[in-house]
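These are the residues of each chain, in order.
There are 2 protein chains.
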Amino acid sequence: MELLESALGADATARCGLATSPVTAQEAERIAPIFKALGDPVRLRMASMIAAVPELCVCEITPAFDLSSGTISHHLKTLREAGIVACERRGTYVHYWIRPEVLDALSGLLATA
Amino acid sequence: MELLESALGADATARCGLATSPVTAQEAERIAPIFKALGDPVRLRMASMIAAVPELCVCEITPAFDLSSGTISHHLKTLREAGIVACERRGTYVHYWIRPEVLDALSGLLATA
Numbered sequence: 001m002e003l004l005e006s007a008l009g010a011d012a013t014a015r016c017g018l019a020t021s022p023v024t025a026q027e028a029e030r031i032a033p034i035f036k037a038l039g040d041p042v043r044l045r046m047a048s049m050i051a052a053v054p055e056l057c058v059c060e061i062t063p064a065f066d067l068s069s070g071t072i073s074h075h076l077k078t079l080r081e082a083g084i085v086a087c088e089r090r091g092t093y094v095h096y097w098i099r100p101e102v103l104d105a106l107s108g109l110l111a112t113a
Numbered sequence: 001m002e003l004l005e006s007a008l009g010a011d012a013t014a015r016c017g018l019a020t021s022p023v024t025a026q027e028a029e030r031i032a033p034i035f036k037a038l039g040d041p042v043r044l045r046m047a048s049m050i051a052a053v054p055e056l057c058v059c060e061i062t063p064a065f066d067l068s069s070g071t072i073s074h075h076l077k078t079l080r081e082a083g084i085v086a087c088e089r090r091g092t093y094v095h096y097w098i099r100p101e102v103l104d105a106l107s108g109l110l111a112t113a
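First to last, the protein sequences are chains A and B. Read in order, the letters of the first sequence are residues 1 to 113 in the UniProt record's numbering. Read in order, the letters of the second sequence are residues 1 to 113 in the UniProt record's numbering.
Hints in this document: simulated from the structure, not taken from any laboratory. The structure presented is a predicted model; accordingly, all values stated were derived computationally and were not measured. For each residue, glycine too, the CB sits at the ideal point set by N, CA and C. Among the hints, a few may not be true.
[Said to hold, decoys possible] Below, computed lysine-lysine pairings styled on DSSO-like, alpha-carbon distance capped at 30 angstroms:
1) B:Lys36 to A:Lys36
2) A:Lys36 to B:Lys77
3) B:Lys36 to A:Lys77
4) A:Lys36 to A:Lys77
5) B:Lys77 to B:Lys36
[To be verified] Have a look at the derived ranges for each label pair, beta carbon to beta carbon:
6) A:Thr20 to B:Gln26: 42 to 48 angstroms
7) B:Arg80 to A:Thr20: 41 to 47 angstroms
8) A:Thr71 to B:Thr112: 37 to 43 angstroms
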C-alpha cells in the first residue's frame with residue numbers, strides 16, 4: 001500500500017484503502033499522527049475552517065475560539081507538522097491553507113466502497 | 001453539515017466535506033474522537049486488519065502485536081466506542097468486524113475533490 005508514499009508527495013491517485021490491504025507497522029507509524037492531529041475538536045474545526053477557504057490569516061482563526069493565542073498557535077503547529085496545513089508569514093501574521101492532497105489521500109485510505 | 005448524523009446511522013450518502021462547510025463545535029466534539037481512535041499506530045493497524053476481512057476473532061488479532069491481551073482489549077474497546085468496529089462474543093472469543101458506513105462517512109468528510 002503505497003498510498004501515503006504518494007499522498008504526502010503530491011500524487012494521490014493511488015487508492016488502496018485500509019480495507020483493501022492492511023497497513024504495515026511502518027505505514028501506521030506515519031499515518032496515525034495525521035489522524036491524531038484531526039482527533040481533537042479544536043484542531044478539527046481549525047482544519048475545516050482553513051479547508052473551506054483558499055487561505056486564512058491566523059488573525060481570522062483566533063477570534064473563532066475562546067483560547068489563548070499560544071494555544072491556538074500550538075494547535076496550528078500540530079496541524080502543520082502533520083502535513084494537513086501549510087503556512088507562510090506575511091508581515092505581522094501567518095497565513096494558513098489546507099493541503100488538499102493530504103485530505104484526499106486520507107479520504108482514499110478510509111473509503112471502503 | 002449532517003454528515004455524521006447520517007453516517008453514524010446507516011445512510012452515508014450525504015457528502016458534505018470539511019472543505020465544503022466548516023464543522024460546528026458540536027459536530028467536532030462528535031467526530032474528533034473517531035479520528036483520535038485512528039490516531040494511534042496500533043489501533044490503525046487493528047482497524048485495517050479488521051477492515052480487510054469480513055470479520056476477525058480476537059485470537060487472530062492478538063498474535064499480530066507484541067502487546068499484552070489487556071492492552072489489545074483496551075485498543076479494541078476504543079475502536080468499538082468510536083463506532084469504527086462492532087463485535088460479538090461467540091463462546092470463548094470476541095469477533096470483530098468493521099463498520100464500513102463509518103469509514104465511508106469519514107472518507108466523505110475528508111474528500112475535497
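Index of numbered hints that the structure contradicts, given in increasing order: 6, 7 and 8
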